[in-house]
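Here the protein sequences come in this chain order: A and B.
Following UniProt numbering, the residues of the first sequence are numbered contiguously, the last one being 315.
Following UniProt numbering, the residues of the second sequence are numbered contiguously, the last one being 113.
Hints in this document: simulated from the structure, not taken from any laboratory.
Beta carbons are placed, not taken as given, at the ideal position from N, Cα and C, and that holds for glycine.
Watch out, some of these pointers could steer you wrong.
To be verified - Far from chain A, some chain B residues (derived; all Cβ distances over 12 Å):
#1 THR12
#2 MET22
#3 TYR33
As the list claims (entries may be wrong) - Within a straight-line C-alpha distance of at most 27 Å, the following computed BS3-like cross-link-like pairs (lysine-lysine) qualify:
#4 A:LYS20 to B:LYS77
#5 A:LYS307 to A:LYS244
#6 B:LYS77 to A:LYS14
#7 A:LYS20 to A:LYS159
#8 A:LYS306 to A:LYS244
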Amino acid sequence: MSNQWLERYAYAVKSHLPPKVRNDVADELLSDLQDECDYRAETLERDLTDDEVQQLLQERGHPLLVAADFLPRPSLISESLFPIYAQLLRWMVMAIAIAQVCVGVIQAAQVSSLNLWQLLPQITWGTLNGSLYGFAWLTLIFYLFGESINRADIFKNWKPDSLPKVTAQGAYISRTGTAIELVVLTYFIAWINRVIPQSLGDNPIELVFADGWHNLLPWITALMFTSALLAAVKLVSPYWTRPKALIELALHIPTLIILGIISQWDAPVSIIIGHEETAKQFVFPATWFTIGLLGYAVVATIDLIKKRGMLRAMS
Amino acid sequence: MTEEHERLNKLTMELRRGVLIMAVLESMVTSHYGYSLRRHLEQNGLDVDEGTLYPLLRRLESQQLLTSDWQVQEGRKRRVYQLSDNGQTARITMEREWRHLNQALTNLAEDTQ
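One chain only, chain A, in its complex shape:
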């Protein structure tokens, strides 16, 4: 009777095993269980009762778990390649996000009016969708070719010269913040240069810029472009270096000058809401730009203090 329980147990384990090893493992398990029963019976000097046999099987664990011990445990990404995989995954998501913003801007440029509330979800969904596909492909590539990749080969041309200088504690650049900065700057360059419409969607809202903007536009564009370029560099190598910190600090100077010039004008920007007959114009007073200028000066000063400590640590 007790052998029947053992056979049932071995049979249950067998059902969870691949055909190739099924009979072999089950036979060995049955033999082991029979030997264990014999040993216990010998110790007790009597045959085991059904309850005792069931207790033994209980100790061995659920057949599924017993079978699992004999199954290979393949991993999609090997442990040694995981850091490379994770890095590539981050770069891929960033590249997809940038590509989606560019596509969104180009598409917006082709239509007469811009619907921001349509464009933003479109870019977000596009990035998420693209990232999911990218994640699947990258994982598949690592799964298929991971065994043949040796991580030492990937970095065999690495030289200690390329090591970044030691920066102050916590002076690494946040990639999330930089990615947002890059997206905002790209969008702003496109918007101020009318690559995308400056009116907001189908609403009869229009921004009217003072004549002086025309002269400042190349300077503002150049400034924004340099900032965007710097953001892209920070995204690729997210740690502070002396040139990066100095360039970022230097960019505060033209920004302050431009804000200073704009704050001198009477009505730098006004907004017109409504149709021709019922249109209402609201002027953004120069005072707002003066407040903006002062606010920016405070931010730039704080940044200067923070970066001064960092630059000292790097020198």
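Based on these hints, arrange chain B on the given structure of chain A.
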């Protein structure tokens, strides 16, 4: 307390995992079937559960360190394992490495005393 216990348990398990391969190879100087090997290890102070031992035996066999064949012993079908030539080389190498590590640990312990 439980967390601490679990952490220590994990560390011990890690240590045992490497040693177990060596213990199996060492025991296989004489041929064994699974159950007799488990008893042999237990009698020598190394308690190993079946879920660890049998998959390990298969792994060592797939690495050609052990060979096996089915035999009928005491009227029962048993899979009997033996040390292969590769296994014998691995056993000697691991034993040498073990002695080296043991000596290094002894030296370190003496230094810190």
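The hints, checked one at a time:
Non-interface call for B:THR12 relative to chain A: holds, since the shortest CB-CB distance, roughly 19 Å, exceeds 12 Å. Remark: the non-interface label on B:MET22 is consistent with the geometry, its nearest Cβ contact in chain A lying 20 Å away (cut-off 12 Å). A Cβ of chain A approaches the Cβ of B:TYR33 within 12 Å, the least distance being about 7 Å, so the stated non-interface status is violated. Between A:LYS20 and B:LYS77, the direct Cα distance comes to roughly 19 Å. Compliance with the 27 Å bound is thereby established for this hinted pair.
A hinted pair counts as satisfied when its Cα atoms are at most 27 Å apart, and A:LYS307 with A:LYS244 qualifies at roughly 10 Å. Taken as a hint, the B:LYS77 and A:LYS14 pair is honoured in the structure, with Cα atoms around 17 Å apart against an allowance of 27 Å. Between the alpha carbons of A:LYS20 and A:LYS159 the distance comes to roughly 48 Å, so the proposed pair goes past 27 Å and is violated. Of the supplied pair hints, the one linking A:LYS306 and A:LYS244 holds, its CA atoms being roughly 14 Å apart against a limit of 27 Å.
When held up to the earlier numbered hints, the structure conflicts with 3, 7 and fits the remainder.
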